[in-house]
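Novice: One letter stands for each residue in the lines below.
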Amino acid sequence: MWLLKGKLEETFRKVNAIQEHIQMCCLAPDRAKLSVDDLQWVIEDLYEIKIQKIEVAFEGSFLHGLVERYTGRARILVRKNQEEDYVRFTTIKELCQIAISEKEDWSIEGTKTLDALLYEVRLDTSAEKVEERAKTVIPHPIQSEKLAEIAAIELMYPFKYRAADIAAVEAGATTLRALAVHFHAPEFVIGTALHPTHHALAEEFWAMINKR
Amino acid sequence: MDKTECQKLAERFASMAAKDGLLDVKFYVAGEVVTEQACREVNRLYDALEKGESGELDFKDTYRR
Numbered sequence: 001m002w003l004l005k006g007k008l009e010e011t012f013r014k015v016n017a018i019q020e021h022i023q024m025c026c027l028a029p030d031r032a033k034l035s036v037d038d039l040q041w042v043i044e045d046l047y048e049i050k051i052q053k054i055e056v057a058f059e060g061s062f063l064h065g066l067v068e069r070y071t072g073r074a075r076i077l078v079r080k081n082q083e084e085d086y087v088r089f090t091t092i093k094e095l096c097q098i099a100i101s102e103k104e105d106w107s108i109e110g111t112k113t114l115d116a117l118l119y120e121v122r123l124d125t126s127a128e129k130v131e132e133r134a135k136t137v138i139p140h141p142i143q144s145e146k147l148a149e150i151a152a153i154e155l156m157y158p159f160k161y162r163a164a165d166i167a168a169v170e171a172g173a174t175t176l177r178a179l180a181v182h183f184h185a186p187e188f189v190i191g192t193a194l195h196p197t198h199h200a201l202a203e204e205f206w207a208m209i210n211k212r
Numbered sequence: 001m002d003k004t005e006c007q008k009l010a011e012r013f014a015s016m017a018a019k020d021g022l023l024d025v026k027f028y029v030a031g032e033v034v035t036e037q038a039c040r041e042v043n044r045l046y047d048a049l050e051k052g053e054s055g056e057l058d059f060k061d062t063y064r065r
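Residue numbers (my numbering), protein chains in the order written: chain A, 1 to 212; chain B, 1 to 65.
Some hints could be false.
[Said to hold, decoys possible] Straight line, CA to CA, 25 Å or less: simulated SDA-like cross-link-like pairs of lysine to any residue:
id: 1; chain 1: A; residue 1: K80; chain 2: B; residue 2: M1
id: 2; chain 1: A; residue 1: K80; chain 2: B; residue 2: G55
id: 3; chain 1: A; residue 1: K5; chain 2: A; residue 2: E102
[As the list claims (entries may be wrong)] Here are some chain A residues pointing at chain B (derived, C-beta under 7 Å):
id: 4; residue: Q23
id: 5; residue: C26
id: 6; residue: A28
id: 7; residue: D30
id: 8; residue: S35
id: 9; residue: Y47
id: 10; residue: I51
id: 11; residue: K53
id: 12; residue: Y70
id: 13; residue: T71
id: 14; residue: V78
id: 15; residue: K93
id: 16; residue: E145
[What the hints assert, rightly or not] Each pair of labels, with its calculated beta carbon distance range:
id: 17; chain 1: A; residue 1: H199; chain 2: B; residue 2: E36; range: 35 to 43 Å
id: 18; chain 1: A; residue 1: I54; chain 2: B; residue 2: E36; range: 19 to 27 Å
id: 19; chain 1: A; residue 1: E204; chain 2: B; residue 2: A18; range: 42 to 50 Å
id: 20; chain 1: B; residue 1: Y63; chain 2: A; residue 2: Y47; range: 19 to 27 Å
id: 21; chain 1: B; residue 1: D58; chain 2: A; residue 2: L3; range: 29 to 37 Å
id: 22; chain 1: A; residue 1: P29; chain 2: B; residue 2: M1; range: 23 to 31 Å
id: 23; chain 1: B; residue 1: D47; chain 2: A; residue 2: L201; range: 35 to 43 Å
id: 24; chain 1: A; residue 1: E204; chain 2: B; residue 2: K19; range: 41 to 49 Å
id: 25; chain 1: B; residue 1: D20; chain 2: A; residue 2: P29; range: 37 to 45 Å
id: 26; chain 1: A; residue 1: A178; chain 2: B; residue 2: M1; range: 47 to 55 Å
id: 27; chain 1: B; residue 1: E53; chain 2: A; residue 2: L176; range: 31 to 39 Å
It is worth saying that the hints were derived from the structure and are not from the lab. Ideal placement from N, C-alpha and C gives every residue a C-beta, glycine not left out.
Go ahead and model the full structure; you've got the sequences and the hints to work with.
Specialist: So, in structure tokens, the structure goes:
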């Protein structure tokens, strides 16, 4: 999937603003897990929107949760029977969705969003090489989905800890799983954040933000 | 012929937009899944919600005093 650079930069700026707001209001210890309640409070304050979070008991394997947006309010619905770290990540991702989505990213055509999202996932897991695929600009609603996941990863596992953790993992002093347990995040969040491709992308955007 | 899960879900979202003012819906879906399966699970979510098989999600993890 190809993401627009402008949209990525905007996402990182919003993450930065959210992190600064959290630091001002909520006295979390260093390297503490992200508070979902505090993140909700900050997003409600920054974006003047009232958010409701509901866990729903239904049978499912693929749908972790969803978010509905209305004027002045949003409702996050999360599947109850899943691991606690996935309940956290799903809720955080949907909170980020509320923060980063602009009007151009909105769509009520949920089935089309699902179809485009899942088709793109299958493209990402295909055996084709990136350079052999045509570059196509992904519709804004789908870009927004992926950007919300990136924002959630950046908030759950702050960039400032990663360089030292990469060295520690390489030295055998810690593991991805240990980091995941510490930050109360699914292991794929840590693995994605520390992957060389994602780390280089995050490094570039954080350097850009910190320069201004 | 019965409606597909996607057709039922599309009608649900259209109704939510018309009656409740739905502006946007986004999902977190993961795994090897096709659209019809995903729509089936979304429909199950809403069916459970309508039956009251849900509750407020409170993490009780604030650092604010």
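Novice: The structure should be examined with respect to each hint, and the outcome stated for every one.
Specialist: Cross-check of the supplied hints:
With a CA separation close to 33 Å, the supplied pair K80 of chain A and M1 of chain B exceeds the 25 Å bound. For the proposed pair K80 of chain A and G55 of chain B, the alpha carbon gap of about 9 Å is at most 25 Å, so the pair holds. For the hint linking K5 of chain A to E102 of chain A, the alpha-carbon distance of about 16 Å falls within 25 Å, and the restraint holds. At its closest, the beta carbon of Q23 of chain A sits 10 Å from a beta carbon of chain B; the interface hint therefore is violated under the 7 Å criterion.
Given hint, C26 of chain A at the interface with chain B, holds; its Cβ is 5 Å from that chain's nearest Cβ, closer than 7 Å. Interface hint at A28 of chain A: satisfied, since its Cβ lies 4 Å from the closest Cβ of chain B, which is below the 7 Å cut-off. At about 12 Å, the closest approach between the beta carbon of D30 of chain A and any beta carbon in chain B exceeds 7 Å, and the interface hint on this residue is violated. Interface restraint check for S35 of chain A: the shortest CB-CB distance to chain B comes to about 5 Å, inside 7 Å, so the restraint holds.
Taking 7 Å as the C-beta contact cut-off toward chain B, the hint placing Y47 of chain A at the interface is violated, the least distance being around 13 Å. Taking 7 Å as the C-beta cut-off, the interface hint given for I51 of chain A is violated, the closest approach to chain B being about 11 Å. With a cut of 7 Å, the hint placing K53 of chain A at the interface with chain B holds, because the nearest CB-to-CB distance is about 4 Å. For Y70 of chain A, the suggested interface contact is upheld, since its CB lies about 5 Å from the closest CB of chain B, less than 7 Å.
At its closest, the beta carbon of T71 of chain A sits 6 Å from a beta carbon of chain B; the interface hint therefore holds under the 7 Å criterion. With a cut of 7 Å, the hint placing V78 of chain A at the interface with chain B holds, because the nearest CB-to-CB distance is about 6 Å. About 5 Å separates the beta-carbon of K93 of chain A from the nearest beta-carbon of chain B, less than 7 Å, and the hint is met. Using the Cβ-Cβ criterion of 7 Å, the hint placing E145 of chain A at the interface with chain B is satisfied: the shortest such distance is roughly 6 Å.
Distance hint check for H199 of chain A and E36 of chain B: the Cβ-Cβ separation is about 37 Å, which falls inside the suggested range of 35 to 43 Å. For the pair I54 of chain A and E36 of chain B, the supplied restraint of 19 to 27 Å holds, since their beta-carbon distance comes to about 25 Å. The given range of 42 to 50 Å is respected by E204 of chain A and A18 of chain B, whose C-beta atoms sit roughly 44 Å from each other. Checked against the hint of 19 to 27 Å, the C-beta distance between Y63 of chain B and Y47 of chain A comes to roughly 21 Å, which is consistent with it.
Range check, D58 of chain B to L3 of chain A: Cβ separation about 33 Å, and the 29 to 37 Å hint holds. Checked against the hint of 23 to 31 Å, the pair P29 of chain A and M1 of chain B fails, with Cβ atoms roughly 59 Å apart. For the hinted restraint 35 to 43 Å between D47 of chain B and L201 of chain A, the CB-CB distance of approximately 40 Å keeps it satisfied. Taking the beta carbon of each, E204 of chain A and K19 of chain B are about 45 Å apart, inside 41 to 49 Å as hinted.
Distance hint check: the CB atoms of D20 of chain B and P29 of chain A are about 41 Å apart, consistent with the given range 37 to 45 Å. Remark: the range hint 47 to 55 Å for A178 of chain A to M1 of chain B is upheld by a beta-carbon distance near 53 Å. Judged by the Cβ atoms, the range 31 to 39 Å given for E53 of chain B and L176 of chain A holds: they are separated by roughly 35 Å.
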